[in-house]
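Residue numbers (full-length UniProt numbering), protein chains in the order written: chain D, 1 to 440; chain B, 1 to 440.
I should point out that these hints are in silico values taken from the structure, not numbers from a laboratory. One thing to keep in mind: the hints can contain errors.
Note: identical chains are not told apart, hence a pair may lie in one copy or across any two.
[What the hints assert, rightly or not] Under the rule of at most 30 Å between Cα atoms (straight-line distance), these lysine-lysine pairs were calculated in the BS3-like manner: (1) Lys250 with Lys331; (2) Lys331 with Lys292; (3) Lys227 with Lys173; (4) Lys183 with Lys331; (5) Lys195 with Lys227; (6) Lys183 with Lys292; (7) Lys292 with Lys173; (8) Lys173 with Lys250; (9) Lys183 with Lys227; (10) Lys183 with Lys195; (11) Lys183 with Lys173; (12) Lys227 with Lys292; (13) Lys250 with Lys227.
Quantities reported herein were computed from a predicted structural model and do not represent experimental measurements.
2 protein chains.
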Amino acid sequence: MTRQLHLNAFLMTVGHHEAAWRLPESDPFAHIDVRHYQELARTAERGRLDSLFLADSPVLWNSIGRRPAGGLEPTVLLTALAGVTRHIGLIATASTTYNEPFNLARRFASLDHISGGRAGWNVVTTAGLDAARNFNLDELPSHRDRYERAAEFIDVARKLWDSWADDAPLGDKANGRWGDDSKIHPAGHVGRFFKVAGALNVPRSPQGHPLLVQAGSSADGKELAAKYADAVFTAQQTLEEAQAFYGDLKRQALAAGRDPDHIKILPGIVPAIGATEREALALEEELDRLIKPEYALRQLADTLRVSPADLQLDRQLPADLPAEDEIEGAKSRYTLIVELARREQLTVRQLIGRLGGGRGHRTFAGTPEQVADALQHWFENGAADGFNIMAPVLPSGLTAFVDHVVPILQSRGLFRTEYSGNTLREHYGLARPAVILEGA
Amino acid sequence: MTRQLHLNAFLMTVGHHEAAWRLPESDPFAHIDVRHYQELARTAERGRLDSLFLADSPVLWNSIGRRPAGGLEPTVLLTALAGVTRHIGLIATASTTYNEPFNLARRFASLDHISGGRAGWNVVTTAGLDAARNFNLDELPSHRDRYERAAEFIDVARKLWDSWADDAPLGDKANGRWGDDSKIHPAGHVGRFFKVAGALNVPRSPQGHPLLVQAGSSADGKELAAKYADAVFTAQQTLEEAQAFYGDLKRQALAAGRDPDHIKILPGIVPAIGATEREALALEEELDRLIKPEYALRQLADTLRVSPADLQLDRQLPADLPAEDEIEGAKSRYTLIVELARREQLTVRQLIGRLGGGRGHRTFAGTPEQVADALQHWFENGAADGFNIMAPVLPSGLTAFVDHVVPILQSRGLFRTEYSGNTLREHYGLARPAVILEGA
């Protein structure tokens, strides 16, 4: 069989474009209505997508004026989606900086049981002082410390997921012995950030380990991904950048002793789909027209660590911006934005338009055929194992992708026409991990 | 209308009796199967019960031999139950000692949105060194400290739930103004245990505050309940004890400036229901016969802080047990067990039988009529506002209660025949709290 694409639906409120909520078709309160997400999940499953995904950060943005603000907690929301779907994988973002491993490992194992093996965890370290200040801290922990904590957090979570052998439960009614205590292996973890003594209080889940996803593209982020990630979401603007990232990460995975094929790399794409190219461009233009630049300007200034007064809408970025290594959060996104602006000599207004569509992810307007071509081109040229589909408007953009782009990819033999497995790991072609005991 | 009973279904694996899983009818793995709980939730809703409830502790018991061990995390599991029910309240236990307020307030607000206003939180401080050792601690924090943290935790959670005014979201497409920033009130909390600066990242939920439940009956527990709880679950063995507890807590609520009618007190009852009294007793005897005493003996010794060798099955408890104020966890349960054994001069074997049925909660075997009489007697004699129904075997014990006891209570005018409200607060006759701003 031809090598197959992996497709993930990245769901965000009523669309990834920041002005999507202002369209006549959009319900501005859909992002707190579980039925909106249930409809999206059913649509993505109808398209036989591998998974759907929810981003998250434990903080409220500095303004609720700009776009639908706040949202439902992802592990809880995905549980509601598990009930209305049967196959599609369910990936929730959760922070290693602001959670405890025991609690989070338990929730993901629970979601894995409830969904029949469809849980995935997008591991984030959570940039931003505002989040730190919701968790007893006055300062953001350093980038390096956050990533060291993330690595140790995953180690602890794996110990907990492996703390029950698959055959620990017996259910032996006759002898009154429900389980075999010798098959329980307490975590016994003592590290720099965590001490976790016991075994998890839930039996091993269908996937053993929920799928691990990583989405930071800094040096620390790639190091973490190379060691642990089953899938990687990344923002890449050009084929060349995507190829470089792809090759680099696969090499790092190999160097870390892993099969490079066991880490699936999915760049994001924001496809504006139209029956004609003109219709697609018109949608993109309508959305950009609805952006209010004052919000975006303030966010851009925050990201660039400058004052909003330093940015002028019809000029290019100031020349004297800080270097990436002076940035303590969202390093790779910072560099991507600066490089995009410099490379294309964008004014601040143009840059805001580009970011408003996909927050640094690649945007693409075209017909279903053109979108399919764009995906296939990267997929066949060493830039991607699949894609993170970020519809600019939801649900309509996902429906268009499923109804018009997916059939083209299927007809080209690049994408499944039916699910062949039941678990998220199976969709991504990854084995169920065996229990690995320390020292065994 | 006659004063109405409130009924909560306390769900636990395949029943509250520790040997329930050994019955031929029981699926020993049902406690990790969401369909089992979905069936129970539908049954409880068919009976028009106010709510269902899940206990929890972030620790695996010291043996998985005794009974079905581990379980699905309650906020996640209740989300799955929200999807198959429309009215019944959904109450999850979560620890204030081993969570962060921002994360937990968010999850309960999310469940409240997803369920249309049916979320409740049973606030626990989590006794036991084993749990502490899963969260970076070498020692269990003192009882007093745990309760002080719990009170501050609830204060922070309420600030977060009130951090969005109900009218903060605008959805004003024409002016591109999704929400009104002046209606956001950051928590700005600085206390002994927590610093939480920001507003919650989810709009205010249907109930405003999820229902707050408290279940510890120690002096500290009652103080917390009197101040904060909307409902209280409690273990009471005799009418006199239950009356004393009921009167005491209502007085404390009044002293704390609250309307005593706004704190609903629900003692637990483990009803073994039979078509005849003989049949009910036979079920109870069959269950007790299936208890393996070695597990229960070890647990009893742990609870009493003695060695298992100090307990002899056919003798009474040793005379020289510690006083309650020397106990750092589960104080009130300790005293209840010791007093039960002393009052009824039970041997250790008999005590184990009583505890195996309901872990200190009142057990009662009888016909539906007798069970209804028992509930009505306490309800009409100042001992209860309703009951926590703890079926010894699930699902059969809940089905029997709903099909045979509930209709009797309804025919006596003591219990609703249809839901009159949509939210959990409405079922319990409690108002939706207004946003309370500091200093306002």
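Structure-based check of all given hints:
In this assembly of identical chains, the alpha carbons of Lys250 and Lys331 lie at most 30 Å apart only when taken from the same copy (21 Å versus 56 Å across copies). In the homo-oligomer, the alpha carbons of Lys331 and Lys292 lie at most 30 Å apart inside one protomer (26 Å), although the nearest pairing across protomers, at 59 Å, exceeds that limit. Taking CA atoms no more than 30 Å apart as the test, Lys227 paired with Lys173 passes in neither setting, with 43 Å inside one copy and 45 Å between copies. Taking the shortest alpha-carbon separations for Lys183 and Lys331, neither the intra-copy value of 43 Å nor the inter-copy value of 32 Å comes in at or below 30 Å.
Taking CA atoms no more than 30 Å apart as the test, Lys195 paired with Lys227 passes inside one copy only; the shortest distance there is 22 Å, against 34 Å between copies. For the homomeric pair Lys183 and Lys292, the shortest alpha-carbon distance between copies (20 Å) is at most 30 Å, but the shortest distance inside one copy (59 Å) is not. Taking CA atoms no more than 30 Å apart as the test, Lys292 paired with Lys173 passes between copies only; the shortest distance there is 11 Å, against 66 Å inside one copy. In this homomeric assembly, Lys173 and Lys250 never come within 30 Å of each other (Cα to Cα): the closest approach is 49 Å inside a single copy and 45 Å across copies.
Proximity of Lys183 and Lys227 under a CA criterion of 30 Å is satisfied intra-copy only: 27 Å inside one chain copy versus 44 Å between copies. Taking identical chains as interchangeable, the C-alpha atoms of Lys183 and Lys195 lie at most 30 Å apart only when both belong to the same chain, with a minimum of 22 Å there against 41 Å between chains. For the homomeric pair Lys183 and Lys173, the shortest alpha-carbon distance inside one copy (18 Å) is at most 30 Å, but the shortest distance between copies (58 Å) is not. In the homo-oligomer, the alpha carbons of Lys227 and Lys292 never lie at most 30 Å apart, since the shortest distance is 41 Å inside one protomer and 46 Å across protomers.
Only within a single protomer do Lys250 and Lys227 lie at most 30 Å apart by alpha-carbon distance; the minimum there is 11 Å, versus 57 Å between protomers.
The structure shown violates the earlier hints numbered 3, 4, 8 and 12.
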